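Protein chains: 4
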Amino acid sequence: MLSNVLLRRVEWGDCDPAGIVFNSNFFRWFDHGTTMLYEAAGWPKHLLLKTFGATGAALVDTRASFRIPCSWGDDIAITSTVTEVRNSSFDVRHVLTRDGKVCVEGSEIRVWSVHNPETGLIKSAPIPEVLVARFRAG
Amino acid sequence: MLSNVLLRRVEWGDCDPAGIVFNSNFFRWFDHGTTMLYEAAGWPKHLLLKTFGATGAALVDTRASFRIPCSWGDDIAITSTVTEVRNSSFDVRHVLTRDGKVCVEGSEIRVWSVHNPETGLIKSAPIPEVLVARFRAG
Amino acid sequence: MLSNVLLRRVEWGDCDPAGIVFNSNFFRWFDHGTTMLYEAAGWPKHLLLKTFGATGAALVDTRASFRIPCSWGDDIAITSTVTEVRNSSFDVRHVLTRDGKVCVEGSEIRVWSVHNPETGLIKSAPIPEVLVARFRAG
Amino acid sequence: MLSNVLLRRVEWGDCDPAGIVFNSNFFRWFDHGTTMLYEAAGWPKHLLLKTFGATGAALVDTRASFRIPCSWGDDIAITSTVTEVRNSSFDVRHVLTRDGKVCVEGSEIRVWSVHNPETGLIKSAPIPEVLVARFRAG
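So the protein lines, in turn, are chains A, E, D and Y. Counting with the working numbering, you get residues 1 to 138 for the letters of the first sequence. Counting with the working numbering, you get residues 1 to 138 for the letters of the second sequence. Counting with the working numbering, you get residues 1 to 138 for the letters of the third sequence. Counting with the working numbering, you get residues 1 to 138 for the letters of the fourth sequence.
Do not take every clue at face value.
[What the hints assert, rightly or not] Here are a few chain Y residues that face chain E, going by a calculated C-beta distance under 7 angstroms:
no., residue
1, 18
2, 51
3, 66
Everything labelled a hint here was simulated from the structure, so no lab data went into it. All of these numbers come straight from a predicted model, not from anything done at the bench. Think of the CB as a built atom: it goes at the ideal place given N, C-alpha and C, for glycine as much as any other residue.
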């Protein structure tokens, strides 16, 4: 399955009065991790949405376990991996490490979403085959 | 000129490792202060954009002076006031206080913006007269 | 068990290019929901940390399920409830509704944490009895 | 005077419902730009604060002018430059470009701040000479 690694520097503004990363920022980083998976698949998000008339892959469930705190100045790596692909949804696992040690483990369930021209609303749809193929090819 | 007061509680996640509000959050709050000015004018932002085909009032310049730090748990008030209205732009002043003492002073210059159906881009436009009237009436 | 309700207005800056709340913001709001549980228990966070030499209740696991998108201008309610209290950790459930309909369900597992004066590090500790009593009394 | 360039990718979560960067994020990035100036000067922020007993360089005034909107997927460069150094304060200019075109210009006035062991409060202090020398050497 497709995997991609992002390197980040934890910033002062990412951290709270305890001096560690405020938890919501991990989810912001994980979201970007998934965006970069599309790019690693050969489909930068802009191109992906435009080509397939999609609004994106809506997040329907996400979870994170925090093992070791991260602090400003830390150089971290986020490895994002597609763990399962279904007809119109897929799962991603994000593992955040510092110096090779796992600090945070996260997961996302996402549903491929397109505009419904009749209702003006958003509805789920099958994931484009080319994307599925790249997710599976790794 | 129109003025409106917002009350907020400073949250743990708004603050940095020094224990005080991280500066970017003030600008987030000021932006919301301007949104609430529209609502105080009788035009909730949703209605305003929809009625006049606008994309909003683009921020072209903003500034803030920080006098007294704010910290998590503080109950603050943000007074947003229209200070000048021109044909297609207007100025807003935001004064953030705690216990009546000025902590932060901010200002914004905003340009009324609409979709250009010919180019698909955004362009400036005259501020709707009804909004101007309410801004001036105070 | 103790429960508390927060009312919020979703702001323009909370939303992403799809026009809906960017997921990380829900976790920011949930964190504040837990802070307000302390206050509902009679222990504003400042007082709680100072009185018991605590650094807070470290988040070790959190999860959210997204059912209905929220957008800027929405008036939402977040009901935070202590669902279980153990010796040094507790669980919180957050239910976010709009017009009475559940939009997001979240949960947190938190570990009570204090400074270890010998090592300078943070370690888990029993939750103060007065707080446990208030959590349980509801 | 010392200058440093940061490269960033604008993320989906940095942008608002208009599809462009929400203004507060620019200030977050500028703050990190200043942090990286310390590092470019040979003093990573952690080392700087620890060595000189400082709490950082408190932001007392900041301003930004927005010329061209940035959107998610944009690769941007932020050039941060020390523009003036006084006894206990200094100025920084941040220029954000995309494809060589200036999108945002920002500025900061910062005051060197240390703990006052007598009062427990923060007070301004002369900028460490070694840092001043590196700021001036460029």
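Structure-based check of each hint:
| no. | hint | in the structure |
| --- | --- | --- |
| 1 | 18 | holds, 6 angstroms |
| 2 | 51 | violated, 17 angstroms |
| 3 | 66 | holds, 5 angstroms |
Checked against the numbered hints given earlier, this structure breaks only hint 2.
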